[in-house]
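K.L.:
The lines below spell out each chain.
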Amino acid sequence: SQQGEEDPQALSIQEGENATMNCSYKTSINNLQWYRQNSGRGLVHLILIRSNEREKHSGRLRVTLDTSKKSSSLLITASRAADTASYFCATDPIGGGGADGLTFGKGTHLIIQP
Amino acid sequence: DSGVTQTPKHLITATGQRVTLRCSPRSGDLSVYWYQQSLDQGLQFLIQYYNGEERAKGNILERFSAQQFPDLHSELNLSSLELGDSALYFCASSVALDTQYFGPGTRLTVL
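Order-wise, the sequence lines are chains A and B.
First residue of the first sequence? That's 1 in our numbering, and the numbers climb one at a time after it.
First residue of the second sequence? That's 1 in our numbering, and the numbers climb one at a time after it.
It is possible that part of the hints are untrue.
[Claimed, not checked] Okay, derived cross-link-like pairs now, SDA-like style, lysine to any residue, Cα gap no bigger than 25 Å in a straight line:
{"hint": "1", "chain 1": "B", "residue 1": "K57", "chain 2": "A", "residue 2": "R50"}
{"hint": "2", "chain 1": "A", "residue 1": "K106", "chain 2": "B", "residue 2": "P104"}
{"hint": "3", "chain 1": "A", "residue 1": "K26", "chain 2": "B", "residue 2": "G42"}
{"hint": "4", "chain 1": "B", "residue 1": "K57", "chain 2": "B", "residue 2": "T7"}
{"hint": "5", "chain 1": "B", "residue 1": "K57", "chain 2": "A", "residue 2": "N30"}
{"hint": "6", "chain 1": "B", "residue 1": "K57", "chain 2": "A", "residue 2": "H109"}
{"hint": "7", "chain 1": "B", "residue 1": "K9", "chain 2": "A", "residue 2": "N38"}
{"hint": "8", "chain 1": "B", "residue 1": "K9", "chain 2": "A", "residue 2": "H57"}
{"hint": "9", "chain 1": "A", "residue 1": "K26", "chain 2": "B", "residue 2": "I60"}
Think of the hints as simulated: they come from the structure by calculation, not from any bench.
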């Protein structure tokens, strides 16, 4: 079963707008990561946030983590057409020590309209 | 480019056959992970190797097996293929125990 569940499943916005995606998970984690996947291609690592962190920034990306609610959000500001992709959250559960595989959600498909 | 390479890019085969997928990790990465991505199951972790030894197992079928060689490249063997095995197969590698870098994937089609 999926550990992470992204919401919404799909999101379409105009170029220049901000896009927010949410992820909920079930068990306690060491860290949570966000990945991007362009259609049928490999996953690109975007950002990792550890369980003791609440917010992290990387360029136009902002990730928050609320471990009490077991949820995370990914904000992409000033979206561009090139941001069109599927976005996945992946969790590294406690006990895995990072040595096990990540558990992925089903993803949010983001479409940026020019 | 993540530095992880996978071959072949595409593979089309028939039910009952056996195939081998190959992965070369990033230089210096000791861990290799295999994932399967299908429309109905999403991205599923299959198996992990660390420096030649199996480290963790996920949702890997008994018909599937993997190994990591002394030069750290890895192979995923899929046998007695079924239609439902059609999917994208990704390998990822890491040096530290958190960020994983994914290869471009092998698209397997079983007819």
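K.L.:
So, for every hint listed, does it hold in this structure?
P.N.:
Each hint tested on the structure:
The hinted pair formed by B/K57 and A/R50 meets the criterion: a straight-line CA distance of about 23 Å does not exceed 25 Å. With a C-alpha separation of about 18 Å, the suggested pair A/K106 and B/P104 falls inside the 25 Å cut-off, and the hint holds. With a CA separation close to 17 Å, the supplied pair A/K26 and B/G42 stays within the 25 Å bound. Between B/K57 and B/T7, the direct Cα distance comes to roughly 22 Å. Compliance with the 25 Å bound is thereby established for this hinted pair.
A C-alpha spacing of about 19 Å is found between B/K57 and A/N30, which places the hinted pair at or below 25 Å, so the restraint holds. Taking the CA atoms of B/K57 and A/H109, the gap is about 29 Å. The hint is violated against a cut of 25 Å. Taking the CA atoms of B/K9 and A/N38, the gap is near 16 Å; set against the 25 Å cutoff, the hint holds. Our distance criterion of 25 Å between C-alpha atoms is broken by B/K9 and A/H57, whose separation comes to about 34 Å.
Note on A/K26 and B/I60: the hinted pairing holds, with a Cα-Cα distance of about 22 Å set against a maximum of 25 Å.
Violated hints, listed in ascending order, are 6, 8; each of the other numbered hints is respected by the structure.
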